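Protein chains: 2
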Amino acid sequence: MPADGQIVPVETEKVDCERTKGLRYRCLIERINKRIQAGRRWFSLEFFPPRTVNGAVNLIGRFDRFVEGKPLFCDITWHPAGDPANTEKPTSSTCMAGAMLNYCGIETILHISCANISTAQIKDCLENAKNLGIRNLLALRGDPSDGSETWTFFEGGLNYAADMVRFIRKEYGDYFNICVAGYPTGHPECTSYADDLRHLKEKVDAGADFIITQLFFKAETYLKFLRDCRDIGITCPIIPGILPIQAYQSLRHIVKLSRLEVPQEIIDAINPIKDNDEAIRNFGIDHTVSMINDLFASGLVNGIHFYTLNREVATIEILKRLGMWCEDHTRRLPWKTTANHSRACEEIRPIFWRCRPKSYVHRTSNWDEFPNGRWGNSSAPAFRDLKDYYLFYLKSKSPKEDLLKMWGEELMSERDVWNVFACYISSMANSKGVKVTKIPWDDEELSPETQIIATNLHSINSRGVLTINSQPNISAAPSNDPKVGWGYPDGYIFQKAYLEFFTSKENVQALKKLLPEYPLVNYHIINHNGEADYTNCDQNEPIAVTWGVFPGKEIIQPTVVDPIAFKFWKIDIIKQKIEHTQPP
Amino acid sequence: MPADGQIVPVETEKVDCERTKGLRYRCLIERINKRIQAGRRWFSLEFFPPRTVNGAVNLIGRFDRFVEGKPLFCDITWHPAGDPANTEKPTSSTCMAGAMLNYCGIETILHISCANISTAQIKDCLENAKNLGIRNLLALRGDPSDGSETWTFFEGGLNYAADMVRFIRKEYGDYFNICVAGYPTGHPECTSYADDLRHLKEKVDAGADFIITQLFFKAETYLKFLRDCRDIGITCPIIPGILPIQAYQSLRHIVKLSRLEVPQEIIDAINPIKDNDEAIRNFGIDHTVSMINDLFASGLVNGIHFYTLNREVATIEILKRLGMWCEDHTRRLPWKTTANHSRACEEIRPIFWRCRPKSYVHRTSNWDEFPNGRWGNSSAPAFRDLKDYYLFYLKSKSPKEDLLKMWGEELMSERDVWNVFACYISSMANSKGVKVTKIPWDDEELSPETQIIATNLHSINSRGVLTINSQPNISAAPSNDPKVGWGYPDGYIFQKAYLEFFTSKENVQALKKLLPEYPLVNYHIINHNGEADYTNCDQNEPIAVTWGVFPGKEIIQPTVVDPIAFKFWKIDIIKQKIEHTQPP
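Protein sequence lines, in the order shown, are assigned to chains A and B. Be aware that the first sequence starts at 1, since it is given in UniProt numbering, and climbs by one per residue. Be aware that the second sequence starts at 1, since it is given in UniProt numbering, and climbs by one per residue.
Careful: at least some of the hints might be erroneous.
DSBU-like cross-link-like pairs, simulated, lysine-lysine; straight-line CA separation at most 35 Å [to be verified]:
1) Lys218/B - Lys89/B
2) Lys34/B - Lys513/A
3) Lys34/A - Lys512/B
Source of the hints: derived by calculation from the structure; they are not laboratory data. Just so you know, these numbers come straight off a predicted model, no measurement behind them.
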């Protein structure tokens with residue numbers, strides 16, 4: 001089990017989720033404190049909301065890549081001009097935070113500022129965040145959304161971050177973890193550094209759990225600030241916020257906004273290379289690595305917050321140089337987990353959604369209960385209707401022209417369709433020389449384990465058995481196997497062979513004749529209207545198709561064929577089929 | 001899964017036991033009707049309560065042997081002179097019915113009669129039965145307990161079986177399945193056969209679920225009675241009650257009691273052999289087999305109730321000849337299940353009690369929840385204190401002299417104790433030539449799978465590692481394996497190696513040094529005071545030690561090492577140790 005997984009085994013407390021005793025949600029501040037106690041290093045990442053829907057799709061792709069390195073959390077800034085609380089607008093701060101948490105599976109902090117809006121509006125913002133499952137806020141006063149340079153008192157609103165912290169605590173108790181901003185050289189508008197420290201103390205006293213600092217350019221700036229905070233009695237974690245210098249213009253812009261003074265030696269170093277982006281980035285990487293090493297050397301820091309500016313190259317390079325980028329790709333479970341606290345106990349999923357983990361999490365987000373192995377009753381009315389299918393970032397990321405090139409501008413025969421599937425499964429180019437990298441039922445890359453059976457899959461797809469999901473049978477593979485491994489060390493992984501496919505009426509007739517000769521094969525057959533569920537499976541009982549045996553543990557069976565979930569998947573498949581067969 | 005298992009998979013209804021969705025209790029009448037619909041043959045067995053405690057111990061041994069043939073149910077007659085409702089008296093009707101249900105694991109009917117007792121007393125009797133988990137009653141008027149030959153009206157009581165049925169229904173609704181007696185030739189005291197049929201109809205109309213007939217000697221007697229019952233509108237199942245003639249005296253006695261007329265051809269056949277018990281029994285077997293074949297030939301009968309007179313030879317022989325004795329020794333689970341409805345959902349047990357399944361069921365009967373795999377929280381206060389340990393038929397069945405011969409009249413050294421264990425494990429005789437067939441921690445025969453590791457066990461026991469429980473590691477044995485198989489057909493059984501033993505302080509010190517080199521070995525070590533639980537196991541999480549993989553099913557993991565249950569087992573072991581080390 002990766003040490004950085006956000007879902008942790010229960011230690012002593014009684015669990016909320018009664019059914020699953022192994023797992024519970026542990027809040028962010030608890031996890032930060034745990035790291036501090038253990039002296040284990042960690043990092044977190046800040047992003048700002050994108051301007052366009054395409055930008056959002058790309059940014060989510062970037063989140064996915066960042067998640068591989070195992071940040072402790074990510075945060076999204078509040079963009080007052082971008083309708084930040086709008087949950088219908090894909091590019092809003094709230095929507096992006098929801099996507100980060102629920103689709104990318106990483107613990108998320110949403111910034112929220114109170115400048116120039118009413119407490120009723122703030123309450124709405126908080127409700128929206130809560131409804132998405134967000135449990136962490138960074139409370140700011142913020143700048144006025146009208147673009148005016150200086151802040152003015154707003155009647156009927158919350159005028160200081162400390163008021164905001166108090167308001168959140170009053171309205172939500174301990175539901176949210178609250179972070180506040182610290183200014184190592186004082187807030188640009190503060191009357192004095194000492195005054196600013198007192199304001200920070202007030203924010204913490206109002207109920208903030210931890211502090212992230214504004215950017216700074218020298219380790220000593222942070223370390224002095226830290227000493228000063230401790231001196232006036234601020235005891236909570238204070239996480240250094242670091243901006244890797246990535247480009248001359250962006251540095252100028254940030255410095256202007258934050259009214260920070262850039263040390264002369266940095267100006268001197270950058271000026272000669274200001275037109276060479278790569279050189280600046282390399283300088284930034286070197287400078288940041290060195291500064292972070294200084295911070296670590298103090299013995300007072302073990303977590304770093306990165307202002308990524310939505311870019312990945314520099315930050316990932318820095319993390320790799322520091323040895324903080326997690327190279328352990330062990331999976332906690334065979335499928336992609338979410339960080340949403342309400343799903344902390346989820347430990348089992350139907351195999352049908354294997355190729356679309358994000359769609360599954362989204363579409364089942366209002367289910368009371370998940371398809372399950374032996375606990376709970378899957379015939380109980382817990383599986384509500386699936387939520388509306390449309391969600392922009394679940395749609396294919398490829399433009400229609402690209403898809404047409406992959407799938408064929410013109411299909412002359414059944415065989416042309418078969419070839420699309422066969423090319424996808426074998427990662428081969430089609431007759432026009434275009435590589436088929438996706439099908440409508442699988443937007444992700446082929447999973448590594450599919451390679452194990454790729455030859456067989458290619459052969460049956462070429463003959464009209466159009467597979468959209470599969471897994472090879474696996475008997476006692478080590479739990480750290482790069483293709484099929486997951487779970488705790490020194491365990492063994494097992495899988496039953498599984499295949500999900502479209503095929504012709506004639507093939508179904510043949511199968512119906514043959515299948516009774518293979519009593520150990522379980523099957524569901526439905527037609528294109530979702531009728532005639534022909535099966536030899538129990539009406540309610542799920543079938544385990546993936547399980548793991550670990551030292552000192554129970555048997556964990558995280559993937560099942562669940563007859564109830566199948567009925568929903570059936571509808572889903574038909575809906576997609578209809579969508580994808582609409583004339584262009 | 002044996003077809004005759006009393007716990008059946010859920011079909012469509014919502015289950016009471018929320019945690020375990022596969023299993024539920026199905027009541028007796030439902031199961032009888034299911035057999036009738038399916039045309040599947042079955043049998044049931046009647047016993048009377050013993051007079052002495054030794055008799056009770058022997059009778060329970062007999063129940064165990066009968067259970068192997070898979071009767072649908074057993075029943076215990078009401079013995080008014082034997083303090084039948086007394087739950088403290090091992091030989092009472094109620095106690096024996098409780099033992100049959102809870103220790104022998106067979107669905108049980110308790111007879112109960114209302115003659116000459118008050119409704120308050122009857123209510124007490126019913127409460128006692130209910131508290132033991134009994135769900136089936138055979139409601140009788142019964143004979144007066146004062147020994148008087150004829151029945152007299154009892155003021156303030158229930159004077160007819162029909163009143164009794166009504167009373168039970170009024171007080172308990174559908175909680176109990178109710179059976180009533182039918183008299184194929186009329187009740188001895190009835191005014192006419194027709195009157196008696198009307199009384200029977202009244203009992204059924206009052207709420208009885210099914211009828212068992214009094215004994216008869218010719219198939220035609222029963223078949224006429226069945227037709228007459230149907231003619232007056234009795235539609236419930238009517239089960240023929242059959243007495244295999246086993247001895248001349250007992251036949252005479254029964255005939256006198258039931259005032260039945262024995263057909264002349266039987267008298268003629270028996271008279272010449274009346275002093276030859278074996279000949280009589282053989283005659284009885286032949287006669288009964290032939291009569292039952294006639295009943296089956298009618299197409300109207302598929303279940304037979306046997307009046308066993310507490311004897312096994314004749315009844316088992318008859319069942320074998322009829323092909324009704326179940327030869328399929330497939331186990332539903334690797335441990336002995338109980339038929340108590342409240343434990344229908346029990347599908348997991350801690351391994352510690354493996355050698356004492358009866359003691360486990362008894363001692364955990366007031367637990368809300370059982371040690372469990374992944375569902376439920378074993379740290380919840382659901383495991384109440386174990387019930388008082390004493391229960392007469394859990395005590396050793398061997399007299400003390402026999403035990404002394406096995407275990408040694410005099411122990412000269414530690415090594416003498418080691419040898420007792422070593423002899424037991426290898427089924428060998430001790431130095432005095434006496435075979436060691438039991439130890440205080442295991443009153444049953446060595447389980448077949450122990451033979452797989454008997455050589456190893458013998459070797460370590462001879463060197464002071466005194467094993468009291470073990471299982472070999474098993475990897476993918478077929479589920480019908482005669483030694484380790486259980487569960488559904490075509491499955492595979494897995495086990496982790498397990499060993500439970502006493503050993504010296506010195507060995508423990510050596511183990512503590514060695515064990516860290518074997519991280520895949522989990523252990524608990526306690527001293528003789530139950531202190532110092534030295535372990536590398538999780539505080540709460542159970543470890544699966546037995547599991548099965550079956551086609552079209554989830555993984556079933558019925559045996560665990562549960563840390564919470566271990567704490568109770570620890571107490572148990574120490575208590576036994578103290579009991580067994582008391583000076584004689």
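Here is what the structure says about each hint:
no. : hint               : result
1   : Lys218/B - Lys89/B : violated, 39 Å
2   : Lys34/B - Lys513/A : holds, 31 Å
3   : Lys34/A - Lys512/B : holds, 30 Å
In the structure shown, a violation is registered for the earlier hint numbered 1 alone.
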